[in-house]
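With the sequences and hints as input, model every part of the structure.
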Amino acid sequence: MPAMLVLGIESSCDETGVALYASGDGQLLAHALHSQVAMHQAYGGVVPELASRDHIRRAVPLLRQVLAESGRALADVDAVAYTQGPGLAGALLVGAAFAEALATSLGVPTLPVHHLEGHLLSPLLSKTPPRFPFVALLVSGGHTQLMRVTGVGHYELLGETLDDAAGEAFDKTAKLLGLGYPGGPALAQLAEQGRPDAFKLPRPMLNSGDLDFSFSGLKTAVLVQVRALTQDGATLDDRQRADIARAFQDAIVEVLVKKALRAVKESRLQQLVVAGGVGANRELRRQLDMRAARQKISVFYPELEFCTDNGAMIALAGALRLQAGASASPAKAAGAFAVRPRWPLADLTP
Amino acid sequence: MPAINLLAIETSTDAGSIALWRDGEVLLRDCPRGVSHSETLLPLIRSTLAEAGLGFADLSGIAFGAGPGSFTGLRVACGVAQGLAFAHDTPLLPVGTLEAMALAAGGGRVLVALDARMGEVYLGSFEVSSDAVVALGPVGVHPPGAVPLPASGGWLACGNGLAAYPALRERLAPAVDAWLPELMPTADAAARLAAPRLARGERVDPADAVPVYVRDKVAQTVAERLAQGGKA
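Line order of the protein sequences matches chains H and V.
Under the numbering used here, the first residue of the first sequence is numbered 1, with each subsequent residue one higher.
Under the numbering used here, the first residue of the second sequence is numbered 1001, with each subsequent residue one higher.
No wet-lab data here; the hints were simulated from the structure.
It cannot be assumed that every hint is accurate.
[What the hints assert, rightly or not] With a straight-line Cα cutoff of 25 Å, these simulated BS3-like cross-link-like pairs (lysine-lysine) come out:
{"#": "1", "chain 1": "V", "residue 1": "K1231", "chain 2": "H", "residue 2": "K219"}
{"#": "2", "chain 1": "H", "residue 1": "K219", "chain 2": "H", "residue 2": "K200"}
{"#": "3", "chain 1": "H", "residue 1": "K175", "chain 2": "H", "residue 2": "K219"}
{"#": "4", "chain 1": "V", "residue 1": "K1231", "chain 2": "H", "residue 2": "K175"}
{"#": "5", "chain 1": "H", "residue 1": "K219", "chain 2": "H", "residue 2": "K265"}
{"#": "6", "chain 1": "H", "residue 1": "K258", "chain 2": "H", "residue 2": "K219"}
[Claimed, not checked] Pulled a few chain V residues facing chain H out of the computed Cβ check, cut under 7 Å:
{"#": "7", "residue": "G1053"}
{"#": "8", "residue": "F1056"}
{"#": "9", "residue": "A1207"}
{"#": "10", "residue": "A1219"}
Note that CB positions come from ideal geometry on N, CA and C, so glycine has one too.
Below, the structure is given as structure tokens:
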């Protein structure tokens, strides 16, 4: 198959990403990202309507940037991949409308991509990529899943969170500690200064025997600790906050590490891919690397810039689908589009 | 002088349509009802262009109803228009939805009231002459019983806001001579409004083409919630 130039557009939540990927030599030519985090901060969380309003202002400038950086012309693009879901309906619709119109006008096919497929394939963008088959741990603000990946489009769900996503638990706990929004990364930073075992927190479902997770109780446990410490009108001092952050992070990391490695062993595989925003967490990486090495398991992470949402992983997923012979936009009137805000990854077919 | 082929997209409401303006001749096509615009818009544009024997690169301009209207509908029109315009560097022209409705309503002074849901209407007032529409003030969003009243009489009032809110009709009655409550935004009016602007060389960069929502306060900041005694 000749090299194909695939444009990728991501707009599922609060980041607009655009990228240009060349299949064949498998090269990411350029990628650009706009994060809305600062805009949503004042609201204490992502406001879906504001997210949609911002995406539609960003797509064209980001596309221009990517074309300029890659030195390629729009007319060279062979296919347009975009995130069809899951995510915020209005936000997804902006990327879909722009991508479908662009492709229709250029006369090239579109490739509607599953957002999580983009994440779990994102380590393939690094210099030392994993090879199929592997187990993927998807950990972000919206998802916590373990998947068995045997090839592009072959994803088997092994376990997932029954309530909060890991990143969501980070953000909610950070809010309890007064770290603002989104406080996950700030909490992780604070935890570095905390002492181990200064506070005891549960390890939810650690020994449940399956590969599912539950994190909402952990957040409640933190709330109980904070209430106990502040019941006389006292405020938490820096030491206490750091210790709680440490206890929280240690609890989450221990559960994630144990279940991820168990998933690899039970699948009789040797490779673990960690993707999603929480995959950037340093303590998670430290613990995983250490314990995986003992079990002769190799762990692969996307480059840090591709841990969060981005257009590169969407362009990549689209290119791999194209290579795998996916008929672009099958069985629909050309140009018709529909987003899929809720879309289980395991529903994907090759 | 080469032929002018202008495509107009209007999906501000459930009644979406597209129009192809060809040197004054307008071809209007309605989006099928009961199906979301995302499913029908581009296929309809494709078939209409094919019918006219035109390709996307043959378009000399693309206009879209920029609002106000359904937030999602506005973004579908805007996103599609951006994509089509960017692909072949085609001039892009956002058109006021109420302004185009005023043109469609006829001549003279026109009040346009489009149902904004949530117990409100979008209201605009315009002076219409042949193919020119002048806005007599900014478009606003109001509760039907509190819309600003025109100072004089003799107005033509149009739009589904009149049908949705009897209180609005009651309030406007002293100033209005004629009613067109069934008039909805259509792409042919958007095309007629955009065509002379295109001929004058007007265009908007796709990066700057954004919907005009009018209803701009959609969420409260943490500070605002706290000030009202709410939670962070």
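Okay, the hints, checked on the actual structure:
| no. | hint | verdict |
| --- | --- | --- |
| 1 | V:K1231 to H:K219 | holds (18 Å) |
| 2 | H:K219 to H:K200 | holds (13 Å) |
| 3 | H:K175 to H:K219 | holds (10 Å) |
| 4 | V:K1231 to H:K175 | holds (12 Å) |
| 5 | H:K219 to H:K265 | violated (29 Å) |
| 6 | H:K258 to H:K219 | holds (20 Å) |
| 7 | G1053 | violated (16 Å) |
| 8 | F1056 | holds (4 Å) |
| 9 | A1207 | holds (4 Å) |
| 10 | A1219 | holds (4 Å) |
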